[in-house]
Amino acid sequence: MRFALPPRRFMVACMAASTALLIAGSPIGASAADVAQPVHGGTLNFVVDPEPPTLVDLTNTAVPTLKVSTKVTEGLLTYDFALHPGPQLATSWSVSPDGLQYTFHLRHGVKWHDGQDFTSADVAYSIELLKRVHPRGKSTFANVTQIKTPDAFTAVLVLLKPSPFLIKAFSASESPIVPKHVYEGTDPFSNQNNNAPIGTGPFKFVKWVRGSYIEYDRNPDYWDKPKPYLDKIIVKLIPDAPARSIAFETGSVDLGGNTPVPLSDIARLKQNPKLGIETRGYEFEAGVVRVEFNLGNQYLKVPAVRQAIARAIDRNVIQKTIYYGYASVLNSPIIPESPYHDTTPTPYPFDVTKANALLDAAGLARNGDGVRFTVIVDPLPISDIPQRTAAYLRSALAKIGIAVTIRNQDLPSYLRRVYSDHDFDIAVNGMSNLFDPTVGVQRLYWTQSIRHGVPFTNASGYSNPEVDRLLEQAAVEPDEAKRKQLFGQFQQIVERDLPDINLVEQQQVTVYNKRVHNHTTSPDGLDSNFSDVYLSP
Amino acid sequence: MTSSNLKRVALRLRRTGAQAIPTVIAVVVLNFALLQLVPGDAADVLAGESGSATAETMAMMRHHFGLDLTLWQQLLTYLKHLSHFSLGFSPRFNTPVMTLIMARLPNTLILMVSALVFAIVAGIIIGVAMATWAGKWPDRVLSFLALVLYSMPGFWLALMAIVLFSVKLGWLPSGGDMTLGVNLTGWDWLVDRVSHAVLPALALASFFVAIYARLTRVAMLEVQRQDYVRTAQAKGLHPLFITVRHVLRNALLPITTVAGMHLGNLLGGAAVIETVFSWPGLGRLALEAVQGRDYNVLLGVLLLSSMLVIVANVLVDLLHAWLDPRIALH
Amino acid sequence: MSSNHSPLEQADRATVQPGANRLLRDTAAELERSGWRHQFIAVWTGRFGRFGPKPRDASPEQSETRRWPALRALARNPSVVSGAALLLALLLIALFAGRLFPGDPLDIVAQPLLAPGQDPQYWLGTDSLGRDVLAELAHGSRASLAIGVTAALIGVVIGTLVGALAGYFGGWVDDVLMRVTELFQTTPSFLFVIVIVSIGHPSMTVISLAIGVTSWPTITRLVRAEFRSLVQSDFVMAARSLGFGHARIIWREILPNALPPIIVTTSVMVATAILMESALSFLGMGDPNVVSWGSMIGDGREMLRTAWYLTALPGGALVLTVLALNLLGDGLNDALNPRLSERS
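Residue numbers (the working numbering), protein chains in the order written: chain A, 1 to 537; chain B, 1001 to 1330; chain C, 2001 to 2344.
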């Protein structure tokens, strides 16, 4: 065969053509895949809001805390997008067939930022500490009775009963490994390491100027050489959403997560050739926006009333108007990305006529003003999304004769009212599934989760023995197929009983400057340790 | 100042100090009682932001922050800290309250002082103009404009200013007190800080310009009718000289009184402006403290504001004594 | 300010009511030490020009006839007329908002963020949730005016009561009440309001109460000064010698004479209350079931770059309302204080 071009030129032309095709054809969200050609150097400007109360996610798991803690403090494992574990501080691991022993082989030659060696003693101490003071630690590690350290680089967790979800709990964002020599014998809440942390991670803490920024420098002795690629991370604390938009546009901020800009701005930012939008990286914290009923209310305890309310809500309007399209419609408490998600459609689709008929049949006639009865709606005062959802609810329920009064309050008042005093009718909030339904979903429907004074538990008062049985079984069931079946049955029952109405899964968004690469390489998203991140020159 | 005046100053300071202590205690008790009526506490907030909690961790947090003590015990503990000049510890920020406040105090002072200075200067200029053409149309127009400015909500004016100067024209930054993460020095640093402070100070000052303009106008008109001014005019002294030397000096008295009081009370209004501009000051700190149920921080800020009022009072007295030696310091 | 003292020196020499010397000196000294709000009110009520023999030392009969010329002066004053006209227009809008824009203004009626003029049905477009902006503007007047007036009334009632008692009785009652007033004055009022609103939850009633309870010190000093001066006058001594009780003297004799500055201050307080409510709503701490101009500004803040009219329009409405009140207060002050107006 005779080439039109000399062979070498042909090869170059081919390469040029294929590269051009790659660039032209790459979608906006391709950053998750590009791991090629990392370059050393540069400062990453990372925006986080609100200001984290502490820099280590030991006693506090607020969203901003997870963003900053993981750059310095690491965990035993990382995870890929299929939720399969991968190595971080543990190089290999195994779970015994009966699920009662977890063995971790730890990495050699890892040093804490102060020069001391990382050993299994740190792992054992950390897990015991997490069990004591971490907001979820007690339930996550509930079945762990003992942590054995046969040698300096092996840690064995001994369980009383199987915890099929436990293997997913070892990310730095969930279970950080902290230095024993710093925390031992101190009060973990007031230990100053929380404000000036040392860890094993790729970045070292430099300083925290409250209300302004947090500075991290590259760790030259990081165990995963030649990473990290960045020289410095500046975490900028900008509390105003439109100001963050402007910061992205002017280039003063390169990266931000958990929808750092107003939803109404995202369409405009997408047009900017320098910026990109990423929707992956939230699989561990994705959750469900829901309307929660107080089943003690005289009207809401009637199933027909709850069904009527469900039929009066058009989830598509919520998705389009309140979330500007950044949400997925659902009716299950388990998010669609989870392997346990049940796709059966809701037994109560949107139908205002049927809703009115149900209420009429229940004997709740309209009075002279067209009102059947009044309810008070309490939206969770974190971000303004629950408030906007409540505003929609008001509009929607007016059409079936239910008058809604929205009650605003700040977070501690809301928590007291809903979880301590049970003084509410309808609450609108969002609940994260966390890393497994047993951890994130069970707490909302389990009878034993009706706990006075503990937030984000079963506030509706829902108690169904069948549901309890299914949840408790799924919590210890090692067989995946059986577990999926149990969760499937659970979802169908609660969608029929309606202790709450699950509306949408909010899609969180990461905004990034296109010169930032590898920021989203796992379901942790921006909660990863950024050792892979590099900046184009 | 004469030695007798100095003695009076010292006496006044001592009396102020003596009066300050019961005021301080009263402020603490009143606000403490008020804050206890608000539902929820700091442990609720921290648990809420963590997205999950267990009864045990909440109990631990409450014990750690001393929130499980009785009200009396908490009050007494606070007062004891106060007697050692410590403002306590903040559960939200995990640092001593004094550190937090000292970090943000300069920011707020810069904002308040620059706003007041600008308002006084602008107010005096406008007031002089109004008084010079008293009764004619410039007076009426300026009066009306001042009134319009006084009627504007400060935060709205701030937003409109952001739209004009930041969004449309791009001349000034839209928030923050400095460009983060870059280490500027010398002239660059100054320009950066000033450019960030201009819009917030103007927004805060807008409300007060009208007041000072009015005060200047009234004071000037009042003084101009006095005998000694007529004497000076008859002596053939230049009008501007008269204006500046005699009239203005006396007009400054009510202005400084009022401005001094403003300084003490500005924290409340500053809170909204600081929110609009994300200015890291005490007003926003206080707002966050209420929402975070961080009583120690809130009490600290409220105490500080009382201190500011008292200090401002004393400063104004001293300034008056300097401006008009006839005023006796009592 | 020297005019504080020259009349003082004059007063020392002039023949005036017994006790007036001390009165004038006290008042002057008080003005020096008093809060900025009192200074400010003093300006509006022309205090700075009002030293020397005061016309109000007159008897009740004389003061009554004095009022008629004042009313006529009111009608001639351009500030009063324009302020009252503007206020009347706003009141009409507030009253007829329900008729002009029926239904709930918070109802989601159309696609969000329609521009003004884009849809003939919604003249000013829609906001971020798809609500009719014009309807929101009209209904918003209700919240602002209702809360403003209620809060100011609460403040005036409490403040007048405290000031009257302090000025009338003097002595330890005065000391205690003034200490309490100072206490309230040293606390930044906006923060105070937020704390009180957090105790309850934001509703129009709670907000009005909160603003009213924190704004009463404004008027207290003024009322106190008025009462202190009036309590020395002839007709009060006459009433006492006739055996009238304290309550009757305060209510029937002194208060009517102290009314003019109180009325002027009330209009200022309504304006302040409206501004404070708008700031609260702007921060998201207002009543979510009621449209308020402040909450419209807060909602529109996100869209400042693309739909800045969402912020500009309700702000403009606020400015007009507060301006109307200030014009009214200004005009009332001019008309009721001839000495000040003769200079302009």
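If you're looking for bench data, these hints aren't it; they were derived computationally from the structure.
Be aware that one or more of the hints could be misleading.
Stated by the list, open to error - Result set (SDA-like, lysine to any residue): computed pairs, CA atoms no more than 25 angstroms apart in a straight line:
1. A:K138 - B:H1064
2. A:K301 - A:R496
3. A:K131 - B:K1080
4. A:K204 - B:L1180
5. A:K320 - A:G251
6. A:K482 - A:S463
7. A:K320 - C:L2183
8. B:K1080 - C:A2110
9. A:K320 - C:L2134
10. A:K161 - A:S96
11. A:K274 - A:D231
12. A:K320 - A:R366
13. A:K270 - A:S463
14. B:K1080 - A:G276
15. B:K1168 - C:V2319
16. A:K270 - A:N518
To be verified - From the derived model, a few chain C residues whose C-beta atoms are all more than 10 angstroms from chain B:
17. L2100
18. D2107
19. Q2121
20. A2146
21. L2161
22. D2234
23. F2235
24. A2312
Yeah, the Cβ is synthetic: ideal placement off N, Cα and C, and Gly gets one too.
Comparing the hints with the structure gives:
no.	hint	in the structure
1	A:K138 - B:H1064	18 angstroms, holds
2	A:K301 - A:R496	14 angstroms, holds
3	A:K131 - B:K1080	35 angstroms, violated
4	A:K204 - B:L1180	19 angstroms, holds
5	A:K320 - A:G251	29 angstroms, violated
6	A:K482 - A:S463	23 angstroms, holds
7	A:K320 - C:L2183	51 angstroms, violated
8	B:K1080 - C:A2110	60 angstroms, violated
9	A:K320 - C:L2134	23 angstroms, holds
10	A:K161 - A:S96	12 angstroms, holds
11	A:K274 - A:D231	22 angstroms, holds
12	A:K320 - A:R366	31 angstroms, violated
13	A:K270 - A:S463	46 angstroms, violated
14	B:K1080 - A:G276	55 angstroms, violated
15	B:K1168 - C:V2319	23 angstroms, holds
16	A:K270 - A:N518	19 angstroms, holds
17	L2100	25 angstroms, holds
18	D2107	25 angstroms, holds
19	Q2121	27 angstroms, holds
20	A2146	18 angstroms, holds
21	L2161	19 angstroms, holds
22	D2234	29 angstroms, holds
23	F2235	30 angstroms, holds
24	A2312	7 angstroms, violated
This entry does not satisfy hints 3, 5, 7, 8, 12, 13, 14 and 24, going by the numbered hints stated previously.
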